[in-house]
Amino acid sequence: MASAITTLAADAPTLSAANTGFMLICSALVMLMTPGLAFFYGGMVRVKSSLNMLMMSFISLGIVTILWVLYGFSLAFGTDSGSLIGWSSDYVGLSGIGITELWDGYTIPVYVFAVFQLMFAVITPALISGALADRVKFSAWALFSALWVTVVYFPVAHWVWGAGGWLFELGVIDFAGGTAVHINAGAAALGVILVIGKRVGFKRDPMRPHSLPLVMLGAGLLWFGWFGFNAGSWLGNDDGVGAVMFVNTQVATAAAMLAWLAYEKLRHGSFTTLGAASGAVAGLVAITPSGGSCSPLGAIAIGAIAGLVCAMAVGLKYKFGYDDSLDVVGVHLVGGVIGSLLVGFFATGGVQSDAAGLFYGGGLEQLGKQAIGVFSVLAYSLVVSAVLAFLLDKTIGMRVTEDDEVSGIDQVEHAETAYDFSGAGGGASSRSTAAHAPAAAASKKVDA
Amino acid sequence: MKLITAIVKPHRLDEIKDALQRFGVQGLTVSEASGYGRQRGHTEVYRGAEYTVDLVPKIRIEVVVEDDDAESVMDVLVQGARTGKIGDGKVWSVPVDAIIRVRTGERGAEAL
Numbered sequence: 001m002a003s004a005i006t007t008l009a010a011d012a013p014t015l016s017a018a019n020t021g022f023m024l025i026c027s028a029l030v031m032l033m034t035p036g037l038a039f040f041y042g043g044m045v046r047v048k049s050s051l052n053m054l055m056m057s058f059i060s061l062g063i064v065t066i067l068w069v070l071y072g073f074s075l076a077f078g079t080d081s082g083s084l085i086g087w088s089s090d091y092v093g094l095s096g097i098g099i100t101e102l103w104d105g106y107t108i109p110v111y112v113f114a115v116f117q118l119m120f121a122v123i124t125p126a127l128i129s130g131a132l133a134d135r136v137k138f139s140a141w142a143l144f145s146a147l148w149v150t151v152v153y154f155p156v157a158h159w160v161w162g163a164g165g166w167l168f169e170l171g172v173i174d175f176a177g178g179t180a181v182h183i184n185a186g187a188a189a190l191g192v193i194l195v196i197g198k199r200v201g202f203k204r205d206p207m208r209p210h211s212l213p214l215v216m217l218g219a220g221l222l223w224f225g226w227f228g229f230n231a232g233s234w235l236g237n238d239d240g241v242g243a244v245m246f247v248n249t250q251v252a253t254a255a256a257m258l259a260w261l262a263y264e265k266l267r268h269g270s271f272t273t274l275g276a277a278s279g280a281v282a283g284l285v286a287i288t289p290s291g292g293s294c295s296p297l298g299a300i301a302i303g304a305i306a307g308l309v310c311a312m313a314v315g316l317k318y319k320f321g322y323d324d325s326l327d328v329v330g331v332h333l334v335g336g337v338i339g340s341l342l343v344g345f346f347a348t349g350g351v352q353s354d355a356a357g358l359f360y361g362g363g364l365e366q367l368g369k370q371a372i373g374v375f376s377v378l379a380y381s382l383v384v385s386a387v388l389a390f391l392l393d394k395t396i397g398m399r400v401t402e403d404d405e406v407s408g409i410d411q412v413e414h415a416e417t418a419y420d421f422s423g424a425g426g427g428a429s430s431r432s433t434a435a436h437a438p439a440a441a442a443s444k445k446v447d448a
Numbered sequence: 001m002k003l004i005t006a007i008v009k010p011h012r013l014d015e016i017k018d019a020l021q022r023f024g025v026q027g028l029t030v031s032e033a034s035g036y037g038r039q040r041g042h043t044e045v046y047r048g049a050e051y052t053v054d055l056v057p058k059i060r061i062e063v064v065v066e067d068d069d070a071e072s073v074m075d076v077l078v079q080g081a082r083t084g085k086i087g088d089g090k091v092w093s094v095p096v097d098a099i100i101r102v103r104t105g106e107r108g109a110e111a112l
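For the record, the sequence lines run as chains A and B. For the first sequence, the tail end lands on 448 under the UniProt record's numbering, and the numbers increase by one without skipping. For the second sequence, the tail end lands on 112 under the UniProt record's numbering, and the numbers increase by one without skipping.
No wet-lab data here; the hints were simulated from the structure. Hints should not be assumed to be uniformly reliable.
A short list of chain A residues far from chain B (calculated; beta carbon distances all over 12 Å) [to be verified]:
hint	residue
1	Leu-102
2	Pro-155
3	Arg-208
4	Val-384
5	Val-412
Stretch by stretch, here's where chain A covers chain B in the computed footprint (C-beta under 8 Å, at least three residues) [as the list claims (entries may be wrong)]:
hint	segment
6	12 to 26
7	83 to 91
Pairwise CB distance ranges (calculated) [as the list claims (entries may be wrong)]:
hint	chain 1	residue 1	chain 2	residue 2	range
8	B	Lys-17	A	Phe-421	45 to 55 Å
9	B	Val-102	A	Gly-201	44 to 54 Å
10	B	Lys-17	A	Ser-270	40 to 50 Å
11	B	Ala-33	A	Ser-270	46 to 56 Å
12	B	Gln-26	A	His-414	17 to 27 Å
13	B	Ala-33	A	Pro-213	20 to 30 Å
14	B	Asp-18	A	Pro-213	39 to 49 Å
15	A	Leu-391	B	Leu-13	57 to 67 Å
16	B	Arg-22	A	Val-200	45 to 55 Å
17	A	Gly-201	B	Asp-68	47 to 57 Å
18	A	Arg-204	B	Ala-33	19 to 29 Å
19	A	Asp-404	B	Ala-33	25 to 35 Å
20	B	Ser-31	A	Leu-391	48 to 58 Å
All figures in this text were calculated on a predicted structure; none of them were measured in a lab. Glycine included, C-beta positions come from ideal geometry on N, C-alpha and C.
From just these sequences and the hints, can you work out the full model?
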């Protein structure tokens, strides 16, 4: 996370009620991003797999929450060991933490920091799931996400934000998770889909989004929650950095949405709803690492570049033939890389850190550090995620059968369907008539 | 008697209903339909991926009338449905051998 607040270095920090309240609200906002993401993704898939898409995000709130409390917080933010991983027995089960004990150097309790960071850990694997739409066994996904956070997310969070983590010590700026969250998830998505392969009918069958209103709802919730994600990442707002980040989040997202729409209008002839939602998310991703270090004008530039490049990048899957169902690579990996590298250009040197980028007289040094951060996390996540997917595929199997995929993963994996389209003239009848006899008999059998 | 079927644009339904009522047609059946004529469908774009949608939404209106009224009712339908743009639809008629009102058992013209 953000480097230590220097203004308070002289005095030992005391608990700030304002910052603590602010951070609890920010944590709740970040929590909302995961169901927001579920809707964003859920609307983009076909009707027959919309529940599965919602569930793949939602389950992260269950699995990762428990793992975080059991050992994740300790691995990510415990005492450093070799710059690669942390461990503090007090953090195991969050059992050795006093309720007024402060997070090192800050004015908020450890519990508040732990729960804020928990929400980041929850949404990161959920981001990966968009690339796997329609085709992965739910049990395999659940196991994958548990293993993935353990061997990829917790260590990478330590590298980037943990005191003693090697990227943190190197001076890589990742204000709110461009590297640890977006590049990490985007690279993992690429690693997994290279192993599990394409959806049945990729590039042949129409795979139109089933509900763009859901996509817009999800994008709106993400945008809203992202204020907690970004503005909260300074862990307080004593010196206004959180407020700068709030402003930058808004303007970069706006610029990215407009840039994506402009590209679409020129390239395809229409301003699309999906384009507006996707552009907004691309802007949010790109400003995440950079927004603490740049000015609002810089944020507009970063957003516009991200919107444009991500709009172009989502077409790459058709060119290269990998099936990134909902463009996790095109939006999160590409957006994260852009945002992280642009720190090296747009960092003003007077906000979150003294490091200045190329456009502010800082030379190539910060850009070089950013590049090391980007490519090390990208490579680690890509390789380890691919290996995990490969191992799971060889043992329990990652994919549902082709028949099940074609008929719809919702029914097979969840024994549910998202919508009831039956019955002309107002939905299925619940009355038991002669015509419904077979169905009634079937339900009796289940009851018995 | 004739069964007159019209496949028309959905947003013309109210016009057509009013026109048929003014003419004195007592009842009609409306159902949702989809299909295409010479204009084919349209193209939709999702993140740059283009999909051709062949079948466009239409409504099907069915009316049974006496032989003498058939031509006039077809004219009413055509006038009500016409926008002058491509995709306005088609109207046709076919002979009806028999018709029965379910409630009373009346047959033929009495049943209309």
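Verification of the supplied hints:
Separation of Leu-102 (chain A) from chain B is adequate, the least Cβ-Cβ distance of about 45 Å exceeding the 12 Å criterion. The non-interface label for Pro-155 (chain A) is consistent with chain B: the shortest C-beta to C-beta separation is roughly 33 Å, beyond 12 Å. For Arg-208 (chain A), the requirement that its beta carbon stay farther than 12 Å from each beta carbon of chain B is not met, with the minimum near 6 Å. Its beta-carbon lying about 28 Å from the closest one in chain B, Val-384 (chain A) satisfies the requirement of being farther than 12 Å from that chain.
The beta carbon of Val-412 (chain A) is kept farther than 12 Å from every beta carbon of chain B, the shortest such distance being approximately 25 Å. Counting residues of the segment 12 to 26 of chain B whose beta carbon lies closer than 8 Å to any beta carbon of chain A gives 0, which falls below the threshold of three, so the coverage claim is violated. For the segment 83 to 91 of chain B, the assignment as covered by chain A is violated, since 0 residues bring a beta-carbon within under 8 Å of that chain's beta-carbons and 3 are needed. A C-beta distance of roughly 26 Å is found between Lys-17 (chain B) and Phe-421 (chain A), which places it outside the suggested range of 45 to 55 Å.
Roughly 46 Å separates the CB atoms of Val-102 (chain B) and Gly-201 (chain A), a value that falls within the hinted 44 to 54 Å. Hint check: Lys-17 (chain B) to Ser-270 (chain A), Cβ distance near 33 Å, so the stated range 40 to 50 Å is violated. The beta-carbon spacing between Ala-33 (chain B) and Ser-270 (chain A), approximately 26 Å, falls outside the hinted interval of 46 to 56 Å. The hinted range of 17 to 27 Å is not satisfied by Gln-26 (chain B) and His-414 (chain A), whose Cβ atoms lie roughly 49 Å apart.
The given range of 20 to 30 Å is respected by Ala-33 (chain B) and Pro-213 (chain A), whose C-beta atoms sit roughly 25 Å from each other. Our hint of 39 to 49 Å for Asp-18 (chain B) and Pro-213 (chain A) is violated, since their Cβ atoms are close to 32 Å apart. Checked against the hint of 57 to 67 Å, the C-beta distance between Leu-391 (chain A) and Leu-13 (chain B) comes to roughly 59 Å, which is consistent with it. Our hint of 45 to 55 Å for Arg-22 (chain B) and Val-200 (chain A) holds, since their Cβ atoms are close to 54 Å apart.
Here the CB-CB span from Gly-201 (chain A) to Asp-68 (chain B) is close to 54 Å, well matched to the stated 47 to 57 Å. Range check, Arg-204 (chain A) to Ala-33 (chain B): Cβ separation about 27 Å, and the 19 to 29 Å hint holds. As the Cβ distance of Asp-404 (chain A) to Ala-33 (chain B) is approximately 32 Å, the hint placing it in 25 to 35 Å holds. With their beta carbons about 54 Å apart, Ser-31 (chain B) and Leu-391 (chain A) fall inside the hinted range of 48 to 58 Å.
The structure does not agree with the numbered hints 3, 6, 7, 8, 10, 11, 12 and 14 stated previously, though it agrees with the rest.
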